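Residue strings, one per chain:
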Amino acid sequence: MSNVDAKISPYLFVAPFFVLFAAVGLFPLLYTAYVSLFDWEVGADEPGFIGLENYRTLFEDDQFWNALFNTFSIFVLSSVPQIVIAVVIAALLNANLRARTGWRMGVLLPYVASLVALTIIFGNLFGPQYGLVNDVLGIIGIDPIDWQASTFGSHVAIASMVNWRWTGYNALIILAAMQAIPRDVYEAALVDGASALRRFFSITLPMLKPTLIFVIVTSTIGGLQIFTEPKLFEPSGGSGGGTEHQYQTVVLYLYQSAFQGLDLGYASAIAWVLFLIVIAVAGLNFFITRRAVR
Amino acid sequence: MMKRPSFTIYGILGAFVLGSAFPFYWSFLVASRDNSVLTGDFTLIPGGNFFSNAARVFDTVPFWKALGNSFVVSGTVTFSVVLLSTLAGFAFAKLRFRGRGVLFLFVVATLAVPTQLGIIPLYMAMAEFGWAGRLEAVIVPNLVTAFGVFWMRQYLLDAIPDELVEAARMDGCSLWRAFWHVALPAARPAAAMLGVFTFMQSWNDFLWPLVVLNADNPTLQIALEKLQSGYYVDYSLVLAGTTLATVPVLIVFLVLGRQIVAGVMQGAVKG
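Chains A and B, in that order, give the protein sequences.
In terms of the UniProt record's numbering, the numbers along the first sequence are unbroken and rise by one, the last being 294.
In terms of the UniProt record's numbering, the numbers along the second sequence are unbroken and rise by one, the last being 271.
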C-alpha cells in the first residue's frame with residue numbers, strides 16, 4: 001500500500017494542474033491555429049478549409065498593420081517614461097523614510113484599482129469637450145486637444161492610463177532589487193569619494209539590469225495584448241478603436257473580427273500571429289537575460 | 001543610523017501619491033454632482049448628489065447581482081488556484097518521482113504563454129456546452145495557473161525540511177496526509193499571498209467575461225462596461241458606478257496593503 005502510494009500519489013498531485021491546463025490553456029491555443037485555416041463563420045454549418053488564405057488576407061490588411069502599429073506605439077509611449085519614473089521613485093523610496101510602508105502603499109494604490117473603472121475615469125479626464133486635462137491645458141494657454149480623434153493624442157491618453165497603473169508597481173519591484181545590492185559596494189565607493197549621482201549611475205543602475213530587463217519583458221508581453229484601455233477609452237465607442245481605427249490595438253481587432261464580424265477563422269489568424277510575436281519577444285528576452293546574468 | 005532624507009524627497013513622493021489617488025477622487029467628485037454643472041468648472045469640492053446618482057446606478061444595471069457574481073467567481077477561482085497550486089507545488093518541491101524535472105520545466109516554459117489568445121476555441125466550447133452567459137464559463141477556464149504552481153513550489157522548497165516529510169512517511173502517514181498536515185500548514189504565508197493576487201486578477205478580468213457573459217448576469221466589470229456603453233453617456237451616473245465599484249477594493253487595500261506591498265516586492269505577480 002505504502003509503496004503504491006509513494007509511486008502513484010505524486011502524479012495524482014500534479015495531475016489536476018496538467019489536465020486542466022491542457023484543457024483550458026494549451027488546447028484552445030493550438031486549436032486556434034487549426035481554426036485559422038478555415039473559412040469559419042459563427043453559426044455556419046460547414047466551415048470550409050482554405051489553407052493559409054486567412055493569413056494571406058491578413059498580411060494585406062491595412063487595418064491589421066494599423067493595429068500592430070498602434071499597439072507598438074502605445075507600448076513605447078507607456079513603457080519608456082514608465083520605467084524612467086519607476087527607477088526615480090524607487091530610488092526615493094530607498095531613502096530612509098519615515099512611515100516607509102505607508103509610502104509604498106501609496107505608490108501601489110493604482111495597481112489595485114479596477115482597470116475597467118479607471119479606464120472609464122480616464123476617458124472622462126481626457127474628454128475632448130469638458131475633460132479636465134483640456135481645461136488644465138487651457139489655463140496654461142494650450143489649445144484643447146482632441147484626445148479621441150487624433151492618432152498621437154489618443155495614444156498618449158491610453159499610454160497615460162498604463163503608466164498611471166503600473167509605474168508604482170514597477171517602482172516597488174525595482175526597489176526590492178535595489179535593496180538586494182550589498183551595502184559594502186556603496187561604502188567602498190563612498191570611501192573613494194564618489195558622489196551620490198555617480199554612485200547611482202555607476203553602481204545602482206548596472207546592478208539593476210536583470211530586474212529592469214524582467215520589468216521590460218513582462219510589460220512587453222502585457223503591452224502587446226492591451227485591450228481594456230482602447231476598448232473603453234471612448235464612451236459608446238464600440239470595438240473599432242475610434243472612427244478611423246486610430247487607437248485600435250491587435251487584441252481589439254481580434255475581438256472585433258471574432259465577436260462582431262463573426263469571422264472566427266480570420267480572428268484566429270490574428271490571434272495566432274500575435275501569439276507568435278509574444279513568444280518571439282519572450283524567447284528573445286530569455287537569451288538577453290541569460291547573457292546579462294552571466 | 002542612516003540620515004533622514006530631505007523634504008524635497010517627501011515632496012516629490014507626496015506629489016506622486018497625490019497623483020495616484022487623484023483619479024479616484026475625481027470619480028467621486030463627478031459622481032457627487034449633477035451632470036448639468038459639469039461644463040467647464042472644476043471645483044474640487046464634492047456636491048450632494050452622490051446617493052441619488054448611486055441609486056440611479058442600481059436602477060440601471062443589476063449592481064448587487066454583479067457584485068455577488070464577482071465574489072462567487074473570484075472566490076471559487078482563488079480557492080481552486082491556491083489548493084491545486086499548493087498540491088502540485090508540494091509534489092514538485094518535496095516528492096521524488098520519475099519525470100519530475102521535465103514536467104516542472106514544462107510549467108516554467110508555460111509561464112510566458114499568453115493563454116488569453118485562445119479565447120476563440122474557448123468561446124466555441126462554451127457555446128457547445130451551453131455555458132455562455134453562465135458563471136461556469138468564467139470560472140472553469142481559470143481554475144489553475146502555471147504561475148501558482150511555480151510560486152508555491154519555490155516557497156515550499158525551503159519552507160519544509162525534507163526530514164519532516166520522511167518522518168511523516170516513516171510513521172505510516174500517506175502522502176495525502178503528509179500534504180494535509182505538513183505541507184498545507186507550512187504553505188500558509190505563500191498561499192495567502194497567492195490568494196490575494198489571484199483574487200485581484202480574477203476580480204479585474206475583463207476580456208473573457210465580456211465575451212461570454214451578458215448584461216443580465218454580469219460580473220462587476222461587465223456591469224460597469226454596460227453603464228458606459230449606453231447611447232448617451234451620463235458621467236455622474238457612470239462615475240457613481242466606478243466609485244461604488246472602487247470602494248470595496250480600497251477597503252481591502254487598507255486592510256491588506258502591507259501584505260500586498262510585500263508580495264509585489266517578492267515578485268509575487270507577473271505583470
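Derived from the structure by calculation, the hints contain no laboratory data.
Be aware that a few hints might be false.
Stated by the list, open to error - Between beta-carbon pairs, the in silico distance windows are:
hint: 1; chain 1: B; residue 1: Ala109; chain 2: A; residue 2: Lys209; range: 19 to 25 Å
hint: 2; chain 1: A; residue 1: Phe49; chain 2: B; residue 2: Gly172; range: 33 to 39 Å
hint: 3; chain 1: A; residue 1: Gly102; chain 2: B; residue 2: Arg177; range: 42 to 48 Å
hint: 4; chain 1: A; residue 1: Pro206; chain 2: B; residue 2: Thr8; range: 21 to 27 Å
hint: 5; chain 1: B; residue 1: Gln266; chain 2: A; residue 2: Tyr130; range: 41 to 47 Å
hint: 6; chain 1: B; residue 1: Leu157; chain 2: A; residue 2: Leu12; range: 19 to 25 Å
hint: 7; chain 1: B; residue 1: Thr8; chain 2: A; residue 2: Tyr186; range: 40 to 46 Å
To be verified - Facing chain A, according to a computed beta carbon distance under 8 Å, are these residues of chain B, among others:
hint: 8; residue: Ala21
hint: 9; residue: Thr60
hint: 10; residue: Ala132
To be verified - A few chain A residues that don't get close to chain B, going by computed Cβ distances all over 10 Å:
hint: 11; residue: Asp5
hint: 12; residue: Gly51
hint: 13; residue: Leu58
hint: 14; residue: Leu118
hint: 15; residue: Asn124
hint: 16; residue: Gly153
hint: 17; residue: Gly240
Just so you know, these numbers come straight off a predicted model, no measurement behind them.
Ideal placement from N, C-alpha and C gives every residue a C-beta, glycine not left out.
Going down the list of hints, with the structure as the test:
| no. | hint | verdict |
| --- | --- | --- |
| 1 | B:Ala109 <-> A:Lys209: 19 to 25 Å | holds (24 Å) |
| 2 | A:Phe49 <-> B:Gly172: 33 to 39 Å | violated (59 Å) |
| 3 | A:Gly102 <-> B:Arg177: 42 to 48 Å | holds (43 Å) |
| 4 | A:Pro206 <-> B:Thr8: 21 to 27 Å | holds (26 Å) |
| 5 | B:Gln266 <-> A:Tyr130: 41 to 47 Å | holds (43 Å) |
| 6 | B:Leu157 <-> A:Leu12: 19 to 25 Å | holds (21 Å) |
| 7 | B:Thr8 <-> A:Tyr186: 40 to 46 Å | violated (21 Å) |
| 8 | Ala21 | holds (6 Å) |
| 9 | Thr60 | violated (14 Å) |
| 10 | Ala132 | violated (12 Å) |
| 11 | Asp5 | violated (5 Å) |
| 12 | Gly51 | holds (18 Å) |
| 13 | Leu58 | holds (14 Å) |
| 14 | Leu118 | violated (6 Å) |
| 15 | Asn124 | violated (6 Å) |
| 16 | Gly153 | holds (19 Å) |
| 17 | Gly240 | holds (13 Å) |
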